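Chemist: Residue numbers (this note's numbering), protein chains in the order written: chain W, 3 to 373; chain U, 3 to 373.
Hint data in this document are derived by calculation from the structure and do not stem from the laboratory. Just so we're clear, the structure is a prediction, and the values are computed from it rather than from any experiment. Mixed in with the good hints, there may be bad ones.
Note: identical chains are not told apart, hence a pair may lie in one copy or across any two.
[Stated by the list, open to error] 30 Å max Cα-Cα, derived DSS-like pairs, lysine-lysine:
1. Lys-280 / Lys-346
2. Lys-237 / Lys-179
3. Lys-42 / Lys-30
2 protein chains.
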Amino acid sequence: MAGDFSVTPYKVEGKIDYDVLAKRFGLKIIDDELERRIKKHTGELHFMLRRHIYYAHRELDWLLDEYEKGNKFYLYTGIAPSGPMTIGHLVPFILTQWLQEKFGAEAYIQIPDEEKFFSRGVPLEETHRLSYDAALNIAALGFNPKKTKIFLDTEYAKTMYRQAARVAKRVTFSMVKDAFGMTNEANIGWIFYTSMQAVPAFLKSVEEGHNVPCLIPLAVDQDVHFRIARDVIGKLGYYKPASIEAKFLPGVSGDSKMSASNESDTIYLHDNEEAVRKKVNKMFTGQQATAELQRKHGGDPDKCVVCQNYRYMFEPDDKKLDAIFEAERNGTMLAGEHKADLAKRINAFLEKHRRERERMRDRLDEFMVRD
Amino acid sequence: MAGDFSVTPYKVEGKIDYDVLAKRFGLKIIDDELERRIKKHTGELHFMLRRHIYYAHRELDWLLDEYEKGNKFYLYTGIAPSGPMTIGHLVPFILTQWLQEKFGAEAYIQIPDEEKFFSRGVPLEETHRLSYDAALNIAALGFNPKKTKIFLDTEYAKTMYRQAARVAKRVTFSMVKDAFGMTNEANIGWIFYTSMQAVPAFLKSVEEGHNVPCLIPLAVDQDVHFRIARDVIGKLGYYKPASIEAKFLPGVSGDSKMSASNESDTIYLHDNEEAVRKKVNKMFTGQQATAELQRKHGGDPDKCVVCQNYRYMFEPDDKKLDAIFEAERNGTMLAGEHKADLAKRINAFLEKHRRERERMRDRLDEFMVRD
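Build the full structure now, drawing on both the sequences and the hints.
Modeler: Take a look at the structure:
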């Protein structure tokens, strides 16, 4: 049955119908008209936009109206680390970096190091370590240090807590209970937490002393935080943040969302060549049992995890992607070569990423802000 | 009926039976033996201890054991401002200052400027202003600036939030719901808040890297915060804080607790001579209708608010207090002179207090800590 799936920040279950999900969440689909409007300013569209990986939004049209009136926006995204980062985790940061470059926008990047402590019990010392690892992965993506602030909640709490208090005052337990599926046994840190996630969406307006539009690129499972936050932020007298929301990179097994905690379902940024090859080899393709049958019946690139990895991250050229998809459909792309090629691409990407990471190690403080 | 009263941080109702209250809260009464043990170290007992204004405790005996083993304790108290401070608000600070002096103890004084914003909707700008006013009133009491840290939660949040998170992780909504009488419509800041109040009770242990005993002088209505906090702090591996708990200075009307928000029931630290005279004149005495009847039947100093003001704050000399009480009982102390004298004492106290306040205005930063 359509709609037999569930997406919250804490669990993604079932096969997601993204159009149904957008309706559920009250998101609008990014249509051709909006794509044209973005393209007018960026010259080209990022492949994640062209391919509708970023497929839905809130008030992106308003944000562009403001931009065209000369009212520049800033970007806000983040990650709450519970373990080492995966390639899927990069999706919001890659688009945010691109938007920064194209629109000359500042980026606020929140690493809420308390969140997974509250929601999953990961020790604070561990989330702290993981947060710095995440900061390095983010800095490695080409952000402009002069226009980017990365911060950990516990290190930036003097700035954050006062603003979070203003949000928290207007959010009740009933609201978070329903939104996040909490019980009365939820811990009070977790209950409070959404206030902290709301802050960067209006923090620049507080700092500037006047309203600054905010655009949040995010994975769609985080949307619920901002459904709550938008109302409150509006009541506080700030612009409600706009958002642009991404689908999930599928897991090795073909599940809708790569599970960061399931090691065999996930490619980590630290995976070595051998590990990547092994995981890619296990990727679900939906191909036929034999090369002969595959040539006869062909495959479905929408279900093939290898194809989807090209689409989400590893083949930016649309024509080449089309050729890959076409070969998959025709049955001329066989699993073995297909996977060997993807593994090579991923390894090349990871090698470059790790080089950039190392280059950033001494420069990280150019990005970090602390109280 | 005995026990027909209620005491929470947010409401005090009915005529309090303090012995029943101690039982309800699981407090022990400060007995002669404990008084002797304190006196051994302090030389004399503060009149608030002699008169059982501080009447109950948790683990004060353990705290003295530790002290006698050479394990010095620190003090923690505070005030959450919702309006201008009253003379009743000084009770915990007066004893804390005395304990600091006698035991050479450091004092951590928390001014949770977010608390009344959450619990009563006092605007943050207003609580911030009131917090600095409170800090000045506290500094004026003779605290040693070298041994005293005063802080506002929002200004010290980098230090506080990380530790509060550790508490919050172990407290559920069920626990605070029952303890503070919250509903599902409570705001999530208020739900979280008790974690912030817990922090100063183990913060010095965090800072020192080893366990330091903590003694909390407090008005008994705040006890519930520490009933929750003690369990959690113990589980975090720190000493559970000891506490020493005070009865309330009665209101002008004779109610068990002076209501800080009821202007006519309360003497504020900023009240001028005339205002004090008027309020003292309205104090409930329980005296007879005429001087003649009063001389005949006498009065009850336990019910007489004028007598209680002498006892709590304005007559440190026990012999003189006995004489006042005796005169009240005999009916030789008549309301008029009684009140005129108390008003004079209060005005002298307030005048001195305001002088000290002014003296401290430029020195306040010696006390304040901020991130």
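Chemist: Could you tell me which of the numbered hints above are not met by this structure, giving the numbers in increasing order?
Modeler: Every hint satisfied by this model.
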